[in-house]
Amino acid sequence: MIFSRIFAPSHTSPKSEKRLEAIKNLSPEKQQEKTILHELAFNDESADVSLAALEKLNSFVLWLKMAQIAKASNVKKAAQQRVNDAIAGKGSLALSCEEKATFLSETASPDLIIEVVQQDVANQDFALLSEPSLAHTLLEKVDKPSFTQFVFLNCNNPLLQQQLINAQSQVSLLQKWAKKAGDDKLLADLNARIDAIREAEQKPVELKKQLTLCLSKYRALLDKTDVEQIVDLQSVYESELTGLFANVEILNADDREEYQEKHSKIAEQVSRYLDRIRPAWEEKQQQSLLANTQALCEQQLTHAKQQVNWLYNTRLCEATLADVATVNESVRGVEATIEHLNQLDNSNKRMKEVQLAVDELNAKLEAFSLQQQYGQKLLSRLHTVEDIAQKLTDDALEEVERRDIRSAFDTAVEEYTELSKELIMQPQVILQRFKAATKQVRAEQKALKSKHLDELRQVRKQISIVDNLVSQGKFRAAMSKFKKLSEEVQGLPADIKRDIEKRYQKTADDIARLEGWQSYIAEPRKPALVEEAQTLAATPAENIKQRSEAIKYLRSQWLSLSAPALSDSQNSTGEQTEELQKAFDTALEKAFEPCREHYAKLDAERAAALELRRSIIVKAKDIDPDTPPSELSKILDRLAKQWRACGQVEKQDYEQLKQEWKAVNSPLQKTVREWQSQNQALKQALVDKVDALQSAEDMEAAAQSAQTLQQEWKQIGHAGKREESRLWAEFKKRNDEVFERIKSQRKAQNNAFAQRAEALVAILASISVEADEDTYSSALKPVEDGLAELTGANRTKVERKISELNRKRENYLSENLNERKTARAQALISLLQNNEPGEREAHLEILGKRWSSIYTNASNSDTSRHDRQWLTVALEVACEMPSPEADSSTRSSVQLQMMTAKLESGEAPSPADILGDWLSHGEVKSSEHGLLQRVISVIDNKPGVLA
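As numbered in numbering that gives the first Met the number 0, residues 0 to 946 make up the sequence shown, in order.
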């Protein structure tokens, strides 16, 4: 024993300095000494000895283990530093790639991983990032977007980069990567991933839209009445929904369930609706079939009558067996339809009438063969009538010969009439030819008679004129007119002469007497005419036309008093003196001077108008033929207005100018008319398009199309005055009809929506705001679902009612909550004061599960780290209630601690938590009654602390 103490190894010395010296002499190459070093490193009490032994061993594994288990802080820190230096490639301790990877993936902290990876990248060492699995492990361990971005941008590994892109689902991060990515392919991959994510995000939205639209159309079937249409559309919508539901997995569970529930609900509603309306629809279809069949029967009957009439009117004389068979087939078709109608409804009175009509048609067909023979004979008689009528049109016939031919004509007509009575129906062509022949004969007779009557009326009229002239004292004119009348009477037929003989002779006698008195009357009348002429000349001319007529009248009166140029003996009453003639002429000349001035002015105006018209023609000639038709039309309209506004010119000049105007204007007008014709066609096409919109099912689209067509109309030029007015009237009428229809449709839709809105409002009125949450939500859900179908004012109305109901509900819940808080507060105060021991259970029930548990288990709870004094002040601080002056320092300390807690953990203790800790101290001691009163005051003033 003594020797063992004397010769003990130095590494076992109790002095650390000797153990340190011993370590210098130990070699890790020798197994025994290595074991000693290992023992010293992990079991020696001296930190310096442990570190020296670890330095001697210089093993990463041992340094790592020491960093994990060392109790001495300086040893632990030194070991961690050596491990970090080894990982970072610093110092003498070298690691293999595998050891480094294992350490980083299993042991290293996130910060060390970041540091190592960044250092490797800076040194262009990408060994850690060359293996995608290791890189993903490191990324998951660090779990920081900035580190992931660093690895992505600097890994120099396309496979890893692609995997990171595919694994990333945040568009914002991918966009950051894209801003810093320098490689075009990498940028394209990032953009493709961003697009894919956005597309994937949009898919649920699009699917919801499609599902909502399809379900809305499905639900709209409830507004239709045609069962066949509903069934067809139901099949279409079910097929469409099946395709949509195949992709429903992209929606969340709630949305999937909601849409599937809506689908089931609507499908059930449509099925029930079909079952309800099908009987009435089938009955209506039966009635429609009956009505259609009846209409078909009427059409067939009309066609059969037309065919039979065609056979008799057009083909009576030359009909073949094929013609008769065709007509017979149309009659058989009517009979088949009648039989079908009798199967559908044998009580229809109209069918009996139709049957009688068919029987009549069959009778006509049976008699057709005999009728055809009569028709051929009638045609022969017609030829005879036409031949005789042609002879009667010869104007060269003598009177006796004409009478004989007329007698033969009457006989032929009588034979034709008797034979036509044998026919059931006389062909229209034959009847028209017969009427034409007889009409020709009657017209010839009427023309001859009319000619004789015209001659007779003309002679009588001339005699009346002569008589009137005599009665007016216009003897000279009467004698001149009678002379011409006598010549005409000599050429009249004898029968006309007999009709006017007496009257003509009387007028002739009157004229004979007048010729003897002519000279006797003329002498005293002429001075009076001279005086009238002088008076007219002295009177101012206010009306040129009247002055001119007065001059003409005086001149004619003067001439009528002159001696007629019949014979020298008739002028024996004496010659007119030169003085009277000169005075009369002078007076008339003076009276005519205002007229001459007026006519001179008119001549000047005509000359100006002539020049103006010529200038207009020149302007028309200067028009460029290539001028656009729209502009050319305006120019020609202006020139035409100017032409019409010009004054009058001499007729001869006007005719010449008119020809020139037409020669210049016609080619230009032709161009304008062609342009207007094109515009007319375009506008007529627009009218037809608007007319086609009348049958459109989607009237909203039809209205939009109509507005587009109106814009197109404005772009088309003028179509000519007459056609423009007509086309515009038609176009406007068609547009008005389209918009009137959509107005009616919208009105009907609005009425339907209004009814739905009223129904939803009625549901809202029946919902109680005092119901529990599940009942209230269930009652409100149908209204919210129905709200999606409404638009405009109806939707706003229902939304306003929902908001009003929710506001009432919130007010009720708020009031109820406040009442419950107050009740809980009073119950807790009663329990704390122990005022009503018999009501303990009732008060605990009012408190609720949480507070009753805190109160009843207070004595068994762990003691809070704060006493009731501190908690009372803290409760007052949290509830913003004042504390006694004596607790001011405590209050400041509490406020500081609560502020510190909020800064460190992000939140401060709530009043409820503080009250819970206060109650957890158990029964209130007598020394704490003051604190109890302060707590009761807080609870009484702030019942919300028991929320």
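Treat the hints with caution; some may be incorrect.
Here are the simulated lysine-lysine pairs, BS3-like style, with alpha carbons at most 25 Å apart [to be verified]:
no.: 1; residue 1: LYS640; residue 2: LYS620
no.: 2; residue 1: LYS713; residue 2: LYS688
no.: 3; residue 1: LYS742; residue 2: LYS780
no.: 4; residue 1: LYS731; residue 2: LYS742
no.: 5; residue 1: LYS581; residue 2: LYS525
no.: 6; residue 1: LYS501; residue 2: LYS460
These are computed hints drawn from the structure, not numbers from a lab.
Results for each hint:
With a C-alpha separation of about 17 Å, the suggested pairing of LYS640 with LYS620 holds against the 25 Å cut-off. For the given pair, LYS713 sits about 15 Å from LYS688 by alpha-carbon distance, which is consistent with the 25 Å threshold. In summary, the hint linking LYS742 to LYS780 is not supported, as the alpha carbons are separated by about 33 Å, beyond the 25 Å threshold. For the given pair, LYS731 sits about 16 Å from LYS742 by alpha-carbon distance, which is consistent with the 25 Å threshold.
This hinted pair checks out: LYS581 and LYS525 have alpha carbons roughly 12 Å apart, not beyond 25 Å. Taken as a hint, the LYS501 and LYS460 pair is honoured in the structure, with Cα atoms around 15 Å apart against an allowance of 25 Å.
Checked against the numbered hints above, the structure breaks only hint 3 and satisfies the rest.
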